[in-house]
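Each chain is listed here by its residues.
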Amino acid sequence: MRGSAAISLRSELRLLLLSAADIALVPLSAVPAVACHDAGSPWNTIYKPNGSDWLGVQVSSPGMAIYNGDVSCGRVSSLFVRNSDWTRWVEVGWIENAGSHYACVPDTNGPPKILAYAKFDGMTGCKNPASDLSEGTDGFKVHDDNQNGVWRYFHSGNEVWTSFDMSPFNSGLVEDNGERLNFSNTAHSDFDGLTRMNSSGSFTDWNSTDLHDGDSDDSGSHGCKYSDTHTAVKLNGTPC
Amino acid sequence: MTSRPLQAVGRIRLGWIVAALAVLVGTVAIAFQLSGPPSEPVGGATQKSSPLSGQVDPGPGRDFMAIFDEKQPLFDPGTETSLGQASSLAKMTVYEPQAVSGSTPETWVNPETQEVGLRYGTGLVVYEVPWPLSADDPATTYDRQAKQWQAGYTGRISGHPAWVIPEDSRAPGEPPVSVVHVNIDGVDVTVYAKASIDEAVAIAESLQPVASG
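Listed in order, the protein sequences are those of chains X and L.
Adding 20 to a residue's 1-based position in the first sequence gives its number in our numbering.
Adding 11 to a residue's 1-based position in the second sequence gives its number in our numbering.
One chain only, chain L, in its complex shape (with noise of 0.2 angstroms):
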């Protein structure tokens, strides 16, 4: 009997240490989330992070989902055009993605940044912009910022240098959006999928030039 109150202060103390250590482990885990791992900042602070549950974004920038939401204009500014006036008007050669083929996108184009983006439906956006010059070459670009952005990883589709972001690669309350990055002589290609990252590639792979009409 007289053990008894030992074990139970015992216990109690091993509970008290143990709910420290958990809420220790806890704190430090949420602290590392915030805070994200040190990069090469300017002013020693620099990180990437992820919302909470009913945060915004600082600005007027409008939510990443819209992008897929057909009563809003997918560019603006821009222009809705065919897509076969889209290379014509952004003066390079625009991808057509062959495993939607038979689908007409809503094409959108601004001719003075050269950015062109295809919506097909409410589930896939494909956009594209000409590759800086003044740019590393994408293959080193996309190592760095799958490492900097702690997302995805890169490779090669069809040749071309990828960066391929899976919606599960992406942090809590990222949007759940499949993500490929291509570079297509040139091209940066930029396939946003509410899909598999398996049939975001495949969309990818299946990039061909669009003819100019």
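Just chain X, with the same shape it has in the complex (with noise of 0.2 angstroms):
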């Protein structure tokens, strides 16, 4: 009797360390996210100035609007600085992150969150934990000024992150980005003050600045240019 109960003891032991080393070893892509976002998505509206060949970009004076929205998926309004086949970016600004949707950023459940992150040959960096912001109009960049391949990131004057090495990527095309995952939420963003640095350093104004591809890819959103510094995304029925 003892002996069946030290044996059923041992067999409920190991299955009990099996389940303990199961639980530590489930890969975290069997992890579902919650599905809120549509098919297709993210949708994007994406405005750029000329040229590819920028140290970094920032909106300022006054700045990105943050909204603090009934989100239930996700959002995002940022600028980032990419290569031209897409392998490498950064990006900076802010997010609604309802349920996990995005990789890598703090989940929200409030406010929007600063947005920090690197993408290099498909490994993902980003800022997380990261700060709640307040609705308003704020100053965000992100440079890689002294063009050693690390990129660091701003909101309001302060620096918030910096990237992981990401030489050789030091520069590269700019472009803002008012981006939400489902028709359910509103894709409402708004950037006045745009500019990029030049490989003196200096910021200069965006100019030439279009919509990329020439339409947005949300069939529900359209742009709104006011200058070549001050671009807007709208639901449509909105006019700019």
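Do not rely on the hints blindly, as some may be mistaken.
What the hints assert, rightly or not - Going by beta-carbon spacing under 8 angstroms, a handful of chain X positions derived as facing chain L: (1) G71; (2) T107; (3) C124; (4) N129; (5) Q167; (6) G192; (7) L231.
To be verified - Label-pair restraints from in silico Cβ distances: (8) X/F203 - L/G65: 14 to 20 angstroms; (9) L/D148 - X/L255: 48 to 54 angstroms; (10) L/S223 - X/S239: 42 to 48 angstroms.
Claimed, not checked - Partial pick of chain X residues on the chain L-facing surface, computed with a CB cut under 10 angstroms: (11) H57; (12) L135; (13) K139; (14) S187.
Just so you know, these hints were derived from the structure itself, not from any lab.
A virtual CB, placed ideally from N, CA and C, is assigned to each residue, including glycine.
Two independent chains are provided; combine them into the complex using the hints.
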């Protein structure tokens, strides 16, 4: 009786330890995110200026509008710098991530948070945890001013994050981005005071600004260009 | 008979303890994977992470595997050109893998950024760009990158500094691609291959300058 109880106990222990190992080894890719985003999303409205070899991008004076909407899925308002084949990019702005639909970045439940993101040859880095943001209009920028492959991220003049070394990626095309994951959420974004860093390390105004590929890929939103340095994204039916 | 309830209680207690430990171990493991080891952050938070199933990158970045999709332009912005013209347009030496000689790559150039991309069918892309003068030397940089990004190992290929990232050294959720970075006389060449790491290294070993045409 004692022997069989011991065997039973060992079996139980082995089973439970196996469970522990199983839990520890469950690949994260097997954990599904709750699906809320539309097939084919994210939906993006992107503006870009001319040129493709900039050391950084900034919006300031006044800056990027921050909205605290009732977001049930995902929303992004961001600036980014990328290379020509999309294998390397950096991105700064704010994010709503209700339900962890976006990779790496923190979940949000309430106000948006700072977004600082880096992508290098399929690998991901980001700021996590990240601070809550209040509604308003704040300055954001990301640049590699000393051209060493390490990108520096700023919010309201404060450096909030640095990327891992992304050499030789130290410049690229700059763009702004208003994004949503489904049509239930607004895509409203506003970027006023857009500049980019030139090879001398100075920020100069965007010019010849235009929608990327000539249109938004969000069929429910449209872009608004007020000037080369001021763009926005609004829902269809809402005039610029 | 009287011992049975005690044994049962003991098993139940032990079961709960081990179950709690299992949950704790699992939670710690998941938390570690989500958070990653600390590095040298500004702002107190830096991490490398990998996407969960169904997650997307914020921003309009296209899927990494799109570089192998011949229906999509390899470069945007950029122009398609001939292999022979690539060097003069990019104003640098362009390297071609001899291991796939006989195949004519789809060749893309962004002259402004001096980026060159060679696409061979749907399984191999070679991306080339000048190494920045202001960056640390390639060998030092590759060592740092392998450590920071927690991917692959460094060494030399044909005498040139290299960073080798086997597909199975990548985290779950990262693209199933072997990647080799090799720096040849100031040109950073990245091989993206839907192949084994041995095949990707062999491709990198076979890189030779393209004659300008």
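How the hints compare with the structure:
Interface hint at X/G71: satisfied, since its Cβ lies 7 angstroms from the closest Cβ of chain L, which is below the 8 angstroms cut-off. For X/T107, the interface hint holds, the least distance from its beta-carbon to any beta-carbon of chain L being 7 angstroms, beneath 8 angstroms. For X/C124, the suggested interface contact is upheld, since its CB lies about 4 angstroms from the closest CB of chain L, less than 8 angstroms. Because the smallest distance between the Cβ of X/N129 and any Cβ of chain L comes to about 17 angstroms, over 8 angstroms, the interface hint for this residue is violated.
The interface hint given for X/Q167 holds, since its Cβ lies 4 angstroms from the closest Cβ of chain L, which is under the 8 angstroms cut-off. Because the smallest distance between the Cβ of X/G192 and any Cβ of chain L comes to about 7 angstroms, under 8 angstroms, the interface hint for this residue holds. With its C-beta approaching chain L no nearer than about 12 angstroms, X/L231 sits outside the 8 angstroms limit, and its interface hint is violated. Between X/F203 and L/G65 the Cβ separation comes to about 18 angstroms, which falls inside the hinted range of 14 to 20 angstroms.
Judged by the Cβ atoms, the range 48 to 54 angstroms given for L/D148 and X/L255 holds: they are separated by roughly 51 angstroms. Hint check: L/S223 to X/S239, Cβ distance near 46 angstroms, so the stated range 42 to 48 angstroms holds. For X/H57, the interface hint holds, since its Cβ comes within 10 angstroms of a Cβ in chain L; the closest pair sits about 7 angstroms apart. At its closest, the beta carbon of X/L135 sits 6 angstroms from a beta carbon of chain L; the interface hint therefore holds under the 10 angstroms criterion.
Given the 10 angstroms rule on beta carbons, the hint for X/K139 holds: about 6 angstroms separates it from the nearest Cβ of chain L. A distance limit of 10 angstroms between C-beta atoms decides the matter here; for X/S187 the minimum to chain L is near 4 angstroms, and the interface restraint holds.
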